[in-house]
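Let chain D serve as the given structure and place chain P on it in line with the hints.
Take a look at the letters that make up each chain.
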Amino acid sequence: MQNEFIFVGILTICAILLPVGGMGMSWMLRPHKPNKLKQTTYECGLETVGETWAQFKVSYYIYALIFVVFDVEAVFLFPWAVAYNKLPLYALAEVLIFVLILLFALVYAWRKGALEWI
Amino acid sequence: MTEQIVFFIFTIMVLGGGLGVVSTKNLYYAALFLSLSFSGMAGYFIMLNAGFLAAVQIIVYVGAIAILILFAIMLSRKVMTTNEPQTNKQNWLALIVTPLLYLTLIFLVVKVNWPVSSAAPALDVLTQMGAQFLGGYLIPFEVMSVLLLVALVGAIILARDVEKGRE
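Protein sequences, first through last, are from chains D and P.
For the record, in the first sequence the residue sitting at position 21 is 52 according to this note's numbering, with numbers rising by one throughout.
For the record, in the second sequence the residue sitting at position 130 is 1298 according to this note's numbering, with numbers rising by one throughout.
So that you can see chain P by itself, here it is in the shape it has in the complex:
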């Protein structure tokens, strides 16, 4: 019963946040609604016994990605003050594509035979994860840092170019 109430609260956060993103006219508020939706997702992860993923969701998505989106909005010209129309010429296309995407996802969830483990969830997930990172998954772990390096270098090059163009 408690579980259902908690699930209900998180669902309100996720769906309400998502609805806020597409319905509010101010783009800044839309980004704040998006971070509310992200927080609700973290709640789902906790309910699925994935505490680390929940922490990652809060740290990376709510803490960093949402800030990035907010900064991008605050940088863009006139977006903050003017209330742009929420639809453009492609809205009929979106009307076709989004139900298709929804149906595809539902089809996948129902039809695919997802492997289910009968083993009990591990108690010290983090310790095992740390051991796996530096054991069997060492190469992906190191490649990850190279990926982050490339992402940072690319981001700086792109952002610097934008800055030069503005001057």
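Just chain D, with the same shape it has in the complex:
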């Protein structure tokens, strides 16, 4: 095991323990007296309309697709950013070409109205 990932592990354990501990403590301490009004779904003080499992719009899917593409782009840029100081200057131009090509993708998505919130 690499030592540097022990901190990630500790952080993960803390991240799990914090909500579980909080909810567990309140579960142990609180009185349990449910009634009908208490168990109604609360949504900004308004009565909820329709089913919880609502169907989403297709346009959300396009956002997710665009997100995946630029997520992968960020992954590829990360090693370059780490090695930046040790690379010659023309590496910057190479990365700029990489970003420029993906900028076309962003412009295309923009022109096609995929970024608009419908």
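All clues stand as given, with none of them false.
Quick list of the computed label-pair ranges, beta carbon to beta carbon:
#1 P/Thr1272 with D/Lys117: 39 to 45 Å
#2 P/Lys1257 with D/Ile44: 43 to 49 Å
#3 P/Leu1315 with D/Leu146: 19 to 25 Å
#4 P/Leu1276 with D/Ile128: 34 to 40 Å
Only part of the chain P face toward chain D is listed, based on derived beta-carbon distances under 10 Å:
#5 Ala1222
#6 Leu1236
#7 Leu1294
#8 Leu1302
#9 Glu1310
Some chain D residues well away from chain P (every beta-carbon gap over 10 Å; in silico):
#10 Ala46
#11 Gly52
#12 Trp58
#13 Met59
#14 Pro62
#15 Lys64
#16 Pro65
#17 Thr72
#18 Cys75
#19 Trp148
These are calculated hints, taken from the structure and not from any lab test.
The C-beta atom is built at its ideal place from N, Cα and C for all residues, glycine as well.
Quick look at chain P alone, frame taken from chain D:
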């Protein structure tokens, strides 16, 4: 010893997640189980001293692909509420194909003479990777961005068509 315990935890995540995917009746929960399985795989990558791959696994698979699958499920009609039967007419075919795939993979792992390097793992993998991306592997690096561009354009065209068909 610690390593074995950690490996055991990740194995429970991967196998339990995989089992959850095929056993739960709600498709939405199946997708959540799938992301649990992906997270366990990231743990394996860390144990194999491949921290960057682990980060990629979390960022791309858990962060993006799982979201994409969840969105696809939430978009589809009636999938969320009805509990569809988990098997269809092709289940006997799957019963034959999956053990075959499993045996093929086991055969590959055991029989193929995998090249093993005796060199110590590099300490600054990321720096070397960045240098390689912009040095010897420049063309694949640039082609990658073209591939991403094509993927995005194709995805938008397909998704737009679906949207038009629904209106």
